[in-house]
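Once you've looked at the hints, go ahead and assemble the two chains, each given alone in its own frame, into the complex.
Residue numbers (the working numbering), protein chains in the order written: chain R, 1 to 244; chain B, 1 to 111.
Keeping only pairs whose Cα atoms sit at most 20 Å apart, straight-line, the calculated SDA-like set for lysine to any residue is:
1. R:74 with R:89
2. R:118 with B:2
3. R:145 with R:122
4. R:194 with B:2
5. R:170 with B:84
6. R:234 with B:9
7. R:242 with B:7
8. R:170 with B:78
9. R:242 with B:9
10. R:242 with B:12
11. R:234 with B:1
12. R:170 with B:77
13. R:242 with B:11
14. R:119 with R:203
15. R:234 with B:5
16. R:234 with B:2
17. R:170 with B:85
18. R:234 with B:11
19. R:234 with B:67
20. R:170 with B:1
21. R:170 with B:75
22. R:242 with B:1
23. R:119 with B:2
24. R:234 with B:13
25. R:234 with B:7
26. R:234 with B:4
27. R:194 with B:7
28. R:170 with B:69
29. R:234 with B:14
Pairwise CB distance ranges, derived in the manner of DEER restraints:
30. B:13 with R:48: 57 to 65 Å
31. R:118 with B:10: 23 to 31 Å
32. B:1 with R:136: 38 to 46 Å
33. R:73 with B:10: 29 to 37 Å
34. R:112 with B:68: 26 to 34 Å
35. R:112 with B:80: 14 to 22 Å
36. B:87 with R:115: 26 to 34 Å
37. R:230 with B:21: 22 to 30 Å
38. B:93 with R:222: 45 to 53 Å
39. B:76 with R:222: 26 to 34 Å
40. B:80 with R:74: 26 to 34 Å
Think of the hints as simulated: they come from the structure by calculation, not from any bench.
Just so it is clear, CB atoms sit at the ideal spot from N, CA and C, and this is done for glycine as well.
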Amino acid sequence: MEMNRQSLQRTLTVRIDRGAGPNNYATYSVPWRENQTVLDVVTEVQRTLEPALAYRFACRVGVCGSCAMTVNGKPRWTCRTHVSQVQEDGVIVIEPLRNMPRIKDLVVDMSEFFQKWKKAGNTFVGTATRNDPPANVSPQSSKRKKADAAIECINCGVCYASCDVVSWDKEYLGPAALNRAWTLFNDERHVDTKDVLRKATSGSGCNSCHSQGSCMKHCPVSLSPTGSIAGLKKSALMLFLKGG
Amino acid sequence: MEQRLFALQRLSAMVMAPFVLVHLAVILYAIRGGLTAAEVLGRTQGNPWWITFYSLFVISVGIHVPIGMRNILIEWGRFERRTATVICMLFALVLLAMGLRAVMAVGGRWS
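Extracted from the complex, chain B is given alone in its bound form (with noise of 0.2 Å):
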């Protein structure tokens, strides 16, 4: 299980990478010159592009997180590794169904 979660931490870190820096790219072009949530919500609702985009950001952080979480908690926290590897877990669906929450109100509503 060891390495497979070392390997999935890194590669789900090679997806997030550009991701994140598109990600700040567009944040930064897009506010320019000022926009409105209504500016903002017309551009992203029902934009499959973003959609996708955001998804799978979503999916590769509700990954690549709780790997490290739980590594620091066995590392600093003291945790024997199952509870951790629970607590990650729970942690994991709680990042996923937060971030797929958001992305759904964000780019929902097929107009």
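Just chain R, same shape as in the assembly (with noise of 0.2 Å):
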């Protein structure tokens, strides 16, 4: 009984971009099973067949942001991605997120990644002191819904590995970066925000955007950097032509 079970559980067809040599790609055979994740298949090729498979999670669940890998040509959340979602008559292929430099299989180096967002102006200073009371912002402001659109963004890099032009323009500083400063442009507690601007403007700024929309159809929580990129251009525009 249990040999029959077995014999008649159908499998999955795995193939994982482990980047050695010119066939880089290695087979792996899973069991397909009714409730499965693509980070569960990764796990198991690890525990079952792999134990040297080099790829990165942490929570499971999609709140950290760490195993966006690239899923039948996607870049996605492998804890969010069902299997019955991406599979192409019984297989997956899982590489690393593009436009980053890879450490190991499936792993990616995200510095550069991030080194990106401190180009773009990420930081926030406050002009407040502990002795002030906390700033009053109005839910209603026209500025704080703008922020709040797009804040909830958790740097999982899924956008950057969409993008063309990051994959043309090597500065380029990308959208979670530049959706970042558009949240600290809309920050009325910060002290600076015209120099949001020109940091996002300067090199291969926000106007090297193509608004092409990758990351925003890619996004797995729904943000839209495009839109925030397209009110960083439309600022940093209407401030020059104030001679600012």
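Set out below in structure tokens:
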């Protein structure tokens, strides 16, 4: 009976880009279960078939943003992607995120991604001291609404991997960093919002965006970095025309 | 500099959009009955409207096109920013020289 059930169980073919040599895809077969995320599959491969497989994850429930990978050509959180959503004829192809150098297997080096956050001007500098009362920012104010719409980013890097401009121009700050700059620009407690625009527009900044919208399409929390970047562009242009 | 170029490219585009429409409309209107080169030149030469229109048109093109070319060189040609800037400055000069020379040739000879 047990034998029979096993032989009836479907198997899923998993091709993983391991980045060594020209034939860098390793193929594994794992049980194809009723409920299974892509992260479950990677974990199963690592625990039962390939102990040396490197990948990154932490929370497993879509909070931390660590487990982003390229699944069947698209950047996604593997913990929030069910196999049934993405498998094609019983096959899934898993690759590391695009636009970031690979460390090993499915793990990429995100240091440049985070350096660009700094370069785009991500650091909040307040004007109040600890003796001042907390700032009273109205949830109805237009700036607060704009900041709210973009604030939920958890730095997973999916937008950065999906962006063609990043793949063309290695200096381009990318959607996540510029999205953060937009929230800071709209933070009325921030000391120098003009400086945010200056940083966001210098070099390959917000003005390099082609508004293709890949970041918006792939963002796992449905943010619109494209919209944030458009806001930065517009604000920077108005400031420039006013002579700022 | 990036912000200035961005603004210049948008502003020159705003100038060029009606120019392109007028340019096309005039061509369609003017050649309905067929015109010889001499007839064309007879209308353009010494015509201050024509000369002003196309001089501004050429200048807008000379600003707009090299800025876009620069972005293409940086993004698709993987050029260094500075190299792309120099190449496009030269390209701007070539465009302006050729364009203004054409304006002088077709609109010149005040008589």
